[in-house]
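Undergrad: From just these sequences and the hints, can you work out the full model?
There are 2 protein chains.
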Amino acid sequence: MKVSVGVSNRHVHLTNDDYKILFGDKEFTKRNDLNQPGTFASELTVTIKGPKKEISNVRVLGPNRDYTQVEVSKTDSFTLGIDPPVRNSGDLDGASEITIIGELGEITRKAAIIASRHIHVDKKIRDELGLVGINTVSVKIPGEKGGIIENVYLKDSAEAYFELHLDTDDANAHLLKQGDEVEII
Amino acid sequence: MKVSVGVSNRHVHLTNDDYKILFGDKEFTKRNDLNQPGTFASELTVTIKGPKKEISNVRVLGPNRDYTQVEVSKTDSFTLGIDPPVRNSGDLDGASEITIIGELGEITRKAAIIASRHIHVDKKIRDELGLVGINTVSVKIPGEKGGIIENVYLKDSAEAYFELHLDTDDANAHLLKQGDEVEII
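Protein chains in written order, with this note's numbering: chain L, 1 to 185; chain S, 1 to 185.
Some clues are possibly wrong.
You can't tell identical chains apart in this list, so a pair holds if it fits in one copy or across any two.
In silico DMTMM-like pairs for lysine to aspartate or glutamate, Cα to Cα no more than 20 Å straight-line [as the list claims (entries may be wrong)]:
#1 Lys52 with Glu183
#2 Lys177 with Asp83
#3 Lys124 with Glu163
#4 Lys155 with Glu144
#5 Lys177 with Asp93
#6 Lys53 with Glu103
#7 Lys49 with Glu128
#8 Lys155 with Asp25
#9 Lys155 with Asp91
#10 Lys124 with Asp156
#11 Lys26 with Glu43
#12 Lys140 with Glu150
If you are wondering where the hints come from, they were derived from the structure by calculation, not from laboratory data.
Because the structure is a prediction, the values reported are computed rather than measured.
TA: Here you go:
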């Protein structure tokens with residue numbers, strides 16, 4: 001079955017407490033909605049800093065969560081000088097220490113991961129598409145730099161937009177862009 | 001069968017004439033040998049410049065060739081603001097225009113490509129490994145971000161070191177590093 005691609009550039013999720021340290025009482029203004037219901041890219045950016053270099057203009061996504069998490073690509077990790085593990089969102093076991101610099105302050109957290117390839121699903125989507133009881137799938141990518149990507153995790157939420165999320169390394173390696181269609185196998 | 005991975009960062013090949021424009025009579029000094037017999041990374045670097053940004057410290061490889069070619073990743077192409085095609089080395093059909101800045105001068109050439117995934121072979125390797133008459137293969141990548149990459153071109157030379165060359169996008173997307181072993185299927 002077909003699924004459309006969403007490309008995730010490096011980004012940050014914050015707890016309410018960490019948001020306060022970085023931005024104080026500043027309003028968490030939406031720039032644009034993301035495809036997953038209720039989520040948005042905010043107007044705010046931070047700088048993320050590792051032992052080697054820093055990367056600026058990293059988007060803060062909303063709403064805030066109960067964990068602070070920095071999602072980077074392997075390419076970013078070489079720039080920063082960190083070696084983050086591949087993890088599902090919210091699993092910060094072994095996450096790399098990173099400094100997040102906001103307008104009013106900075107925090108250092110064990111928060112940096114490379115996000116697992118994942119497809120957003122909910123109960124309705126699983127029922128309709130015959131994906132009940134399945135944890136991971138493989139996806140066939142067409143094109144000159146195509147192939148098959150494995151270990152693509154089905155990520156459940158109460159209400160999902162059916163979409164494959166890839167980081168910029170996976171997207172660029174396979175010449176994929178936002179909205180391209182690929183095939184779950 | 002197994003093959004080891006060589007990761008190719010962005011780099012430049014020059015003609016003798018273009019070398020002269022960029023470096024004059026400067027000696028083309030070897031920094032280190034590369035695995036392919038007779039090839040080397042030189043001590044020299046250039047800056048490559050597209051309509052958007054430039055990238056400095058891009059290694060010049062030797063010896064010089066009968067074409068000038070700039071090999072970049074898709075990620076680099078976004079930085080530079082160009083849209084290069086995927087091509088086998090030496091095939092500059094539709095290559096993107098790019099400016100190459102050396103110590104003494106600069107040149108602008110239709111020379112930028114994304115190199116096809118390729119495996120270096122020669123007649124002896126083809127005979128020994130049963131690869132006679134085969135143009136492309138697929139390669140199985142193990143690991144958390146593994147899968148299968150397709151359209152891997154077998155590149156012939158008179159004397160080759162048997163190695164799979166991937167750009168940094170492919171390597172980073174699959175968490176591969178120089179010397180890793182993968183499987184031709």
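Undergrad: Evaluate each hint against the coordinates.
TA: Right, here's what the structure says about each hint:
{"no.": "1", "hint": "Lys52 with Glu183", "verdict": "neither (38 Å within a copy, 34 Å between copies)"}
{"no.": "2", "hint": "Lys177 with Asp83", "verdict": "between (26 Å within a copy, 13 Å between copies)"}
{"no.": "3", "hint": "Lys124 with Glu163", "verdict": "within (14 Å within a copy, 47 Å between copies)"}
{"no.": "4", "hint": "Lys155 with Glu144", "verdict": "between (29 Å within a copy, 16 Å between copies)"}
{"no.": "5", "hint": "Lys177 with Asp93", "verdict": "neither (30 Å within a copy, 23 Å between copies)"}
{"no.": "6", "hint": "Lys53 with Glu103", "verdict": "within (19 Å within a copy, 27 Å between copies)"}
{"no.": "7", "hint": "Lys49 with Glu128", "verdict": "neither (43 Å within a copy, 50 Å between copies)"}
{"no.": "8", "hint": "Lys155 with Asp25", "verdict": "neither (32 Å within a copy, 60 Å between copies)"}
{"no.": "9", "hint": "Lys155 with Asp91", "verdict": "within (13 Å within a copy, 42 Å between copies)"}
{"no.": "10", "hint": "Lys124 with Asp156", "verdict": "within (10 Å within a copy, 52 Å between copies)"}
{"no.": "11", "hint": "Lys26 with Glu43", "verdict": "within (11 Å within a copy, 50 Å between copies)"}
{"no.": "12", "hint": "Lys140 with Glu150", "verdict": "both (9 Å within a copy, 10 Å between copies)"}
The structure shown violates the earlier hints numbered 1, 5, 7 and 8.
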